[in-house]
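K.L.:
Given the structure of chain A, go ahead and fit chain B onto it with the hints provided.
Chains A and B are the protein sequences, given in the same order. If you count by our numbering, then the first sequence holds residues 11 to 172, one letter each, in order. If you count by our numbering, then the second sequence holds residues 11 to 172, one letter each, in order.
In case anyone wonders, no lab produced these hints; they're calculated from the structure. We put the beta carbon where it would ideally sit given N, CA and C, even for glycine. One or more hints might be untrue.
Said to hold, decoys possible - Straight-line alpha carbon distances no greater than 16 Å define the calculated EDC-like cross-link-like pairs of lysine to aspartate or glutamate that follow:
hint: 1; chain 1: B; residue 1: Lys159; chain 2: B; residue 2: Glu78
hint: 2; chain 1: A; residue 1: Lys91; chain 2: A; residue 2: Asp24
hint: 3; chain 1: A; residue 1: Lys91; chain 2: A; residue 2: Asp149
hint: 4; chain 1: B; residue 1: Lys91; chain 2: A; residue 2: Asp31
hint: 5; chain 1: B; residue 1: Lys159; chain 2: A; residue 2: Asp171
hint: 6; chain 1: A; residue 1: Lys91; chain 2: B; residue 2: Asp31
hint: 7; chain 1: A; residue 1: Lys159; chain 2: A; residue 2: Glu78
hint: 8; chain 1: A; residue 1: Lys159; chain 2: B; residue 2: Asp171
hint: 9; chain 1: B; residue 1: Lys91; chain 2: B; residue 2: Asp24
Stated by the list, open to error - Per label pair, the in silico range of CB-to-CB distance:
hint: 10; chain 1: A; residue 1: Gln81; chain 2: B; residue 2: Gln16; range: 23 to 33 Å
hint: 11; chain 1: B; residue 1: Gly46; chain 2: A; residue 2: Gly17; range: 44 to 54 Å
hint: 12; chain 1: A; residue 1: Pro42; chain 2: B; residue 2: Asp31; range: 16 to 26 Å
hint: 13; chain 1: B; residue 1: Ala47; chain 2: A; residue 2: Gly59; range: 41 to 51 Å
hint: 14; chain 1: A; residue 1: Ala79; chain 2: B; residue 2: Gly106; range: 16 to 26 Å
hint: 15; chain 1: A; residue 1: Gly17; chain 2: B; residue 2: Pro22; range: 42 to 52 Å
hint: 16; chain 1: B; residue 1: Gln60; chain 2: A; residue 2: Arg102; range: 39 to 49 Å
hint: 17; chain 1: A; residue 1: Leu138; chain 2: B; residue 2: Gly46; range: 33 to 43 Å
hint: 18; chain 1: B; residue 1: Ser161; chain 2: A; residue 2: Lys91; range: 21 to 31 Å
hint: 19; chain 1: B; residue 1: Asp90; chain 2: A; residue 2: Glu18; range: 23 to 33 Å
2 protein chains.
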Amino acid sequence: MAGPRQGEQVLPFDPGQRAVDGVTFIGRIRSPWVAGAAPRNLVQARESGQRATVQLDPAYIPALDGLEAGQPVILLYWMDKAPRNIVVQAPRHVDGTRGTFALRSPARPNPIALAVVILQEIDRDAGLLTIDAIDCHDDTPLLDIKPWKASIDVPPGWRPDG
Amino acid sequence: MAGPRQGEQVLPFDPGQRAVDGVTFIGRIRSPWVAGAAPRNLVQARESGQRATVQLDPAYIPALDGLEAGQPVILLYWMDKAPRNIVVQAPRHVDGTRGTFALRSPARPNPIALAVVILQEIDRDAGLLTIDAIDCHDDTPLLDIKPWKASIDVPPGWRPDG
Numbered sequence: 011m012a013g014p015r016q017g018e019q020v021l022p023f024d025p026g027q028r029a030v031d032g033v034t035f036i037g038r039i040r041s042p043w044v045a046g047a048a049p050r051n052l053v054q055a056r057e058s059g060q061r062a063t064v065q066l067d068p069a070y071i072p073a074l075d076g077l078e079a080g081q082p083v084i085l086l087y088w089m090d091k092a093p094r095n096i097v098v099q100a101p102r103h104v105d106g107t108r109g110t111f112a113l114r115s116p117a118r119p120n121p122i123a124l125a126v127v128i129l130q131e132i133d134r135d136a137g138l139l140t141i142d143a144i145d146c147h148d149d150t151p152l153l154d155i156k157p158w159k160a161s162i163d164v165p166p167g168w169r170p171d172g
Numbered sequence: 011m012a013g014p015r016q017g018e019q020v021l022p023f024d025p026g027q028r029a030v031d032g033v034t035f036i037g038r039i040r041s042p043w044v045a046g047a048a049p050r051n052l053v054q055a056r057e058s059g060q061r062a063t064v065q066l067d068p069a070y071i072p073a074l075d076g077l078e079a080g081q082p083v084i085l086l087y088w089m090d091k092a093p094r095n096i097v098v099q100a101p102r103h104v105d106g107t108r109g110t111f112a113l114r115s116p117a118r119p120n121p122i123a124l125a126v127v128i129l130q131e132i133d134r135d136a137g138l139l140t141i142d143a144i145d146c147h148d149d150t151p152l153l154d155i156k157p158w159k160a161s162i163d164v165p166p167g168w169r170p171d172g
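Chain A extracted, bound-state conformation (with noise of 0.2 Å):
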């Protein structure tokens, strides 16, 4: 890991080693890309016309029930490389610096992801979900699978351009 850049702030503590409850892994995402040639967000991933897929460990396809192929999900994965120490960041698409809670890169002190994606196909048997797109590294931890709902996940007032 590269040292700190110009202007990053560090905490003199690592979050990782205050942990106070634990996470599980109930799957891996299964994607395109390996370390260095991950697209930059989830619009680059898209943009890029590859799917990735979402292999679930046995135990939680239960879990699956009430899915439907087409809708849209919330994943949430575990972004186990990065850094959990740097409260502010120097990244290389802003000019200057921002503070972590204004970004959404993968160092954070809870290196939690997000990504809303669309569930393509369902393999029930199989516990395997193919979905439109991801930016993540093949082989990510997987966390949690929300179904995504206009209702509470767009923001009271908004409406798109155009």
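P.N.:
Frame of chain A; chain B shown alone:
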């Protein structure tokens, strides 16, 4: 904790006992809601007109830089009272049963809840954020704050009704 309701399915193990990495708490959500009297979801919470606050741990205050009052943010929080071993649930507001991944119930293998809220005021010195609404109990542990971005957080092709 009451036993399972009709049709519910539980795992033969507790996912909390199979933790492979840890979460740290970066602050607490202060809400008007006590156990047994919380709104059912964020829509109901918003309709109540009750605001809430987020009290951030001082170490994380620099991570707020770049957030602005008025913007929507995603809060991730830890539902530490919820059972983690239920894969098929029988919610009171649903006929029959549904898989955990088709529900926004706090009961899930990793009890991470997600709310898209409006950041109304930022008191940086105090590490105190005012938000328009939240559906969780007072003192719920906070895991993360992320900026909400329409370009990635609205599913492709989605348009509001009407």
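K.L.:
Which of the listed hints are not met by the structure?
P.N.:
none
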